[in-house]
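A.B. asks: Single-letter residue listing:
2 protein chains.
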Amino acid sequence: MLLKNCQLLLTQDANRRIIGNADVLIEGSTIKKVGRGLKAGRGADTIDCAGKIVMPGLVNTHTHLGMHSLRGAKDDAELFDWLKGIEATEKKFTAKQVKENTIAGLKEAVRFGTTTVYDSYKFPEERLGAFEKMGVRGVLSSTVTDEKTFRASENFLNSLKKRHGIVKGAVAANAVYSCSKEILRKVIEYSDANRLLRRIHIGETRKDRFDTLQRHGRLAVEYLDSIGFLAENCLLVHCIWITKGEIRKIAMAGAMVSHNPVSNMKLASGGVMPLTEMLDEKVCVGLGTDSVASNNNLDLFEEMKIAALLHRHHKWDANAVTAQQVLDMATIDGAKCLGIGNVGSIAEGNFADIITLSLDENLLPVNDIVSNIVFAAQGMNVNDVVIDGKAVLRDRSFVH
Amino acid sequence: MLLKNCQLLLTQDANRRIIGNADVLIEGSTIKKVGRGLKAGRGADTIDCAGKIVMPGLVNTHTHLGMHSLRGAKDDAELFDWLKGIEATEKKFTAKQVKENTIAGLKEAVRFGTTTVYDSYKFPEERLGAFEKMGVRGVLSSTVTDEKTFRASENFLNSLKKRHGIVKGAVAANAVYSCSKEILRKVIEYSDANRLLRRIHIGETRKDRFDTLQRHGRLAVEYLDSIGFLAENCLLVHCIWITKGEIRKIAMAGAMVSHNPVSNMKLASGGVMPLTEMLDEKVCVGLGTDSVASNNNLDLFEEMKIAALLHRHHKWDANAVTAQQVLDMATIDGAKCLGIGNVGSIAEGNFADIITLSLDENLLPVNDIVSNIVFAAQGMNVNDVVIDGKAVLRDRSFVH
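First to last, the protein sequences are chains A and B. Residue 269 in numbering that gives the first Met the number 0 sits at position 270 of the first sequence; the count goes up by one each step and never skips. Residue 11 in numbering that gives the first Met the number 0 sits at position 12 of the second sequence; the count goes up by one each step and never skips.
Hints should not be assumed to be uniformly reliable.
Each pair of labels, with its calculated beta carbon distance range [claimed, not checked]:
1) B:Gln323 with A:Gly216: 56 to 66 angstroms
2) A:Asp279 with B:Gly216: 35 to 45 angstroms
3) A:Gly338 with B:Asp44: 50 to 60 angstroms
4) A:Glu86 with B:Leu37: 51 to 61 angstroms
Just so you know, these hints were derived from the structure itself, not from any lab. Positions of the beta carbon are idealized from the N, C-alpha and C atoms, including for glycine.
Start from the sequences, fold in the hints, and give me the full structure.
C.D. replies: Below you can see the structure in the form of structure tokens.
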């Protein structure tokens, strides 16, 4: 496949960030060459990218697509009341409903330019089917809270080993407040033995923070550190209510963080994820939308803008976070958070996960392309989506 | 014109808020009838609204479209440094450039479902031409800082009296820190004598607040009150750094407020406009995007979402502001802020300013239509735009 005449190619490759009038040659699932005047072999599929911005597909480091039918179902509550409010409906979800929800969620994510999704929920086999059907790169997990759910996760991940598709597995401990020390130890052992990512929700509310302190006599990150949970294959989701000392522990362990500002603001969690402090300590931070039940969409362009606004507002500092830093969170750093090194930038040898944006009214003029992507773009500017070298969306229509 | 088979008609008319499978009959520039099974006269233009959400066009209570070419030109500064940073380019703007910028801005605004725009900048005659060419309802002013700019404003407004188009005039005092008491008094006199809206930027930064206190020995709103600026035809823009006492003065005078959360957050203004306190005192609040140089787009759907998120976050309260309240700000209350009572809702006798939204992936399912509009929609979901009974955008393409 050849992406031809890209008007503005934003590579997210630090060696050559922006290339005008460039071509991207794709062979199989990977990027073969980036440059000018490239030719594809006979019969190759060519996408004309004149008048388009071409950039890496976005990476969503945290969502629950299985909850897609709950959009707008409960908007007026903070985390624990909200969870309670949707619980009854969630309990009734069948495997079929979860698969349908996951397909609907993937369609929305792809429409908005996301090419990699970390997704955690129940019924992993059905969700895997949805990812394979839609051709979206995924990291999938089945939420673990106890022995029974741990075994379900284990069974799914063991069966996934035999497949070689674009979906990887991960082990998802729900939270410190909902998992015993024994279960967390099993999550650590299984993820280490199988070289998988492990992730956990942490510090989403003040209540969560104080409950952990009371129950374990330590702050949540200190507790996770004491049992060996923090590591280079560990992703911590939310991290709103944590201290600088905890950030240093995360940094020392090489653990990573998924930042979900829209969901956090919508659920009125109060605090702000200490992003500038994280970046100062060189913690790798990715962006996540969380589910449409608390967002209420899957648009990472919007998530980038709101992340940038929130931290400027919070710090009274228009330089608290740059557009480039936020774009990194939604692309290369998000990919690192998920342990997928070779997506998130358009560089030779990487997987061909690429999107194009139309230069619609809201993207002109281009005084600063990164600024336009972060502060002016929206998901619906996306025109084409290529994942793993295959076109999934072309001219705003799904290929299949 | 007939809008036929509207799947979900969101009227913003408190008497009947949502009507399924409804028709809207338009005669000339006004809404003739809202109901079911309506028939248009022979040769009437019919828009099929099956599978669409139909709602009032959005009202932008504060922007400067003339700055459109400055999108992304200076992203890393707080208000006064930012103004300084773009000043040199602005000074060079010709009348032709401002007209082109205004047309580009109107295209973006209409694409995103805005049908009424309050626009202030220089070269009002050229901007008026842009509004008339694009067929967008407008309230236009020429920014006043001194005698010279006051006379320019006066000349424009006097000439506007002779026209009977969809553009109204207003008198725009720039700010307390940039206008003398004499100039503010002239603004009051002219707007009162000609029954026009007067507006002023106020409380956008802490510096602004303390400077006013030092110079006039009073808080900014108290100062405006003391010279008779506050009134039912007065719109105060920003109002971030004001006290509860000042809010009561605004309420007592019946003055109104334009809230611009995205621009305020992007410029790192620090504080939060006291929205819940304003609503408690029954102050009429509308939404504005401010210019693309500090937003960086003109999407009021995004502005609604970020307003809702900011106040929930700020108050640690998921009920700080409801989706319905935010939608009111972007429609009927915004219209009231501009002194245009008969737009902002789909009711018989009102001007026919109506938009349709496609039920794209991000708007399904519809558990709560108002929630979907505020928390899930984006400008590019807009499919058709009718202003003053004339189609401006149809099936996402401009009619002219």
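A.B. asks: With reference to the structure, classify each hint as holding or not holding.
C.D. replies: How the hints compare with the structure:
1. B:Gln323 with A:Gly216: 56 to 66 angstroms: violated, 45 angstroms
2. A:Asp279 with B:Gly216: 35 to 45 angstroms: With Cβ atoms ~43 angstroms apart, the hint holds.
3. A:Gly338 with B:Asp44: 50 to 60 angstroms: holds, 56 angstroms
4. A:Glu86 with B:Leu37: 51 to 61 angstroms: For glutamate 86 of chain A and leucine 37 of chain B the Cβ distance comes to about 44 angstroms; the hint is violated.
In summary, the numbered hints that this structure violates are 1, 4.
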